[in-house]
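J.: Line by line, the protein sequences are chains A and B.
Note that the working numbering has the first sequence beginning at 1, numbered continuously upward.
Note that the working numbering has the second sequence beginning at 1001, numbered continuously upward.
Read the hints as simulated data drawn from the structure, not as lab findings.
Incorrect hints may appear among the rest.
If you anchor each label on the Cβ, the simulated ranges turn out as follows [unchecked claim]:
1) Pro1037(B) x Phe482(A): 30 to 38 angstroms
2) Leu460(A) x Ala1092(B): 51 to 59 angstroms
3) Leu1073(B) x Lys24(A): 45 to 53 angstroms
We treat Cβ as the ideally placed atom computed from N, Cα and C, and that holds for glycine.
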Amino acid sequence: MSTALVMFLIFIAITVGITYWASKRSAGSSAYFAASRRVTGWQNGIAVAGDYMSAASFLGIAGIIAFQGYDGFMFSVGWLVAYLTVLLVVAEPLRNAGRYTMADVLAYRLKPRPVRAMASISTLTVSTFYMIAQMVGAGALVTLLLKDSGISYHTAVIGVGILMIGYVVFGGMLATTWVQIVKAILLMGGTILLSILVLAHFHFSLGDFFNAIGHVTYHEKGQEIVKDFLQPGLRYKPPYGALELISLGLALIFGTAGLPHILVRFYTVPDAKTARQSVVWAMVLIGSFYIMTTFLGFGAATIVGRDFIATHGGTNMSAPLLAQALAGNIFFAFISAIAFATILAVVAGLTISASTSFAHDLWTNVIHRGVERKPGEEVLVARVSAFVVGAVAITIAILLGPTANVAFLVALAFAVAASANLPVIVLSIFWRRFNTTGAVAGLAVGLLASIGLILVGPSLMAVDPPTVTGTARHLIQAKAWFPLENPGILSIPLGFLAAILGTLLSHEPSSEHKFNELLVRCNTGLGAERSGSQ
Amino acid sequence: MSESARRYEADKTEWDRIAETREFKDLLAIKKTFIIPAFLFFIVYYFLLPILVGYAPEFMSTKVIGVVNLAYLFALSQFFMAWTVAWLYVKAANNFDRLAKDIIKEAESHVQKGQEIQ
Chain A
1 MSTALVMFLI FIAITVGITY WASKRSAGSS AYFAASRRVT GWQNGIAVAG
51 DYMSAASFLG IAGIIAFQGY DGFMFSVGWL VAYLTVLLVV AEPLRNAGRY
101 TMADVLAYRL KPRPVRAMAS ISTLTVSTFY MIAQMVGAGA LVTLLLKDSG
151 ISYHTAVIGV GILMIGYVVF GGMLATTWVQ IVKAILLMGG TILLSILVLA
201 HFHFSLGDFF NAIGHVTYHE KGQEIVKDFL QPGLRYKPPY GALELISLGL
251 ALIFGTAGLP HILVRFYTVP DAKTARQSVV WAMVLIGSFY IMTTFLGFGA
301 ATIVGRDFIA THGGTNMSAP LLAQALAGNI FFAFISAIAF ATILAVVAGL
351 TISASTSFAH DLWTNVIHRG VERKPGEEVL VARVSAFVVG AVAITIAILL
401 GPTANVAFLV ALAFAVAASA NLPVIVLSIF WRRFNTTGAV AGLAVGLLAS
451 IGLILVGPSL MAVDPPTVTG TARHLIQAKA WFPLENPGIL SIPLGFLAAI
501 LGTLLSHEPS SEHKFNELLV RCNTGLGAER SGSQ
Chain B
1001 MSESARRYEA DKTEWDRIAE TREFKDLLAI KKTFIIPAFL FFIVYYFLLP
1051 ILVGYAPEFM STKVIGVVNL AYLFALSQFF MAWTVAWLYV KAANNFDRLA
1101 KDIIKEAESH VQKGQEIQ
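Whenever a hint applies, use it, and build me the whole structure from the sequences.
T.: What follows is the structure, given as C-alpha cells:
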C-alpha cells in the first residue's frame, strides 16, 4: 500500500470520527443546519477558509502560476480581496436577519414563495455545478496520486461522493464545520512547509528566488524558451486579455459574497459580531495562503519546471511534484492527502448548502407554505436531499469522465453568484423600493445570462483539432460568439438591471411596508436568531 | 432547548418607531460614513490592478528591485490593503456595536413597558 493511500485513510478515519461525534449533537433544525449557532469566531473563520479554498485554488493556482507565471497570481489576489465585499456588505446583515439560507433575508419583506423558489434554484445551480467540477477533479486527481494503488476514476468519484454524503447526512453542519477546520489547518501547514522548503532550496535568499523566476526555462515545439515569469501577459493576451482580467475580477469580487456555501457559514455563529470576527480570521488565513502561492507556483516553475510537470500529470500536479522534488515521496504523499482533504471539505460544504436550501426554501417554505408539518421533517428532507444531490453529482461526474473540460463550471458558479445572488441580496437590504418582481427578474436574468454567455463563450464553443476526442472536445464546434471565458462584465450589469427594471415596472406596497423592520434587524441584530443550548 | 427563551417580537408600528428614532438614524449615518468610502476605496484600488496589467503591461513590467516588477508589487500590496481595510472596519464596527446595543436595550424595555400596561 502506498504512503499516499495510508495518509488518505488516516484523514478519512479522522473525519469519520468527527462525523460520529457530531451525529449525536445534530438533533433539531438549528443544530443540524447551523451547528446550534455555537461555532466561535476563530473556528468559523478557519471553517470559511476550509470551505472556500478548493482544489482549484490549491492545485489549480499552483499549476497556472507554474505554467503562465504572474497572470495566475491575479486569481490569488481576487480570491482574497473579495472578502472585503463579504465583510463590509453581506455577512452581518445576513446573520442578523436570516436563519438558514440566503433566501431568508430576501423573503423577509418580499413575497416568500416566488423569491425562495428562484433563490433556491440559483443556489442549487451554483452548488451542483461547482460540486461536479470538484468531483471530476477529485476523480482525476485521486487516480493520478494513487496510481500505484490501482484505484480507478469511478472508484475515486464514488468514494469521494459517499464520504461527502456521509458527513452531511449523519453529521450535518457541525461535522461539515470540523471537517473544514481540519482541512484548513492541514492545508495551511502543508503550504507553509512547502514554502519554507522552496526558500531553503534558494538558501533562504529571496533575491535568488526571484532571480530564478526572472529566467524560467522550458521547451515549446522543440525550442528552448527563457521567460521572465513575473511579467504579465503569459495567459491574458490581446485582444481580449484585458477585458477578461476585469471580467474575472468582477466575478470574484462580487461572486464570493453570493456563494451560498460561504453565506450559510455565517448562520453557525452566535451573532453578527462573531460573524464579522470570523470573516477577519478567514481573511488572515486565505490571504496568507494566497501570498504563499508565490512559492508554490513559481517554485514549481523554477525547481520542477514546465517540461517535467507537463509529462508527469499536467498542470494540476505542480504542487505535489514540487513536494516530491523537494522532500521525496513521503512529502508527496502528504501534499496529495491534503489535496484530497481539500476537495472533501469543499464538496461537503456544497452538499449541505444545497440540501439546506432544498429543505428549508423549497420544501418547507414554498411547497408547504412555511409550516413544518411534523417536528424534524425539515431535517429529514435535508438528509434525503443531501443523498440525492450527492448521487446526482457522482453520476454526472462518472458520465463526464476524467478528461472532461470542467474548469468552466467554477467560473460559472462565481458568475451566477455575482450576477443573480449578489444584486438581489444587496438591493433587498439597501433599497426601500425593491420588490418581488425585481428579485425574481434579477435572479432569473442573472442566472440565465451567466449560463447563456458561458454556453456561447470560448469554454464551450471552439473548433478542436481532430486529435482531441471524447468529452475533452468543446461542446459546440464553432467559433465562440462571446469572446470571454468569464461572463461577469456583462452578466453582472444585466442581473442588476433586471432587478432594478423589474422593480420600477411593478408596484408592491407590502415590500416597502416591511422595509423598516428589515433595516432595523440588519443593522442592530434586534430579534436575531440566538444560539441554542445543548 | 432554550433557543427562543426571550425572543424579541414587535409589530410594524414598533419597528417603524425604532427606525425613526434619532439613535437608529445616527447608527445608519455613522455606518455609512465608514462603509461607503471604504467600499469605494477598495473597489478602485483593486480594479486598478487588472486595468493596469491588462492595458499597460509594459509599464507594469517596470523592474523595481532586481526582477521584481511593479505588477507583482502592486498585486502583493492588495493583500495588505485588504487586511488594513478589514482591520479599520473592525475598529469602526466596535462603535457600531455599542450604538446598536443601546438601541436594542431601549427597544426591549419599550416592548416590556407596553406589555405591563396591557
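J.: Going through the numbered hints above, which ones does this structure break? Give me the numbers in ascending order.
T.: As far as the earlier hints go, only 2 is violated by this structure.
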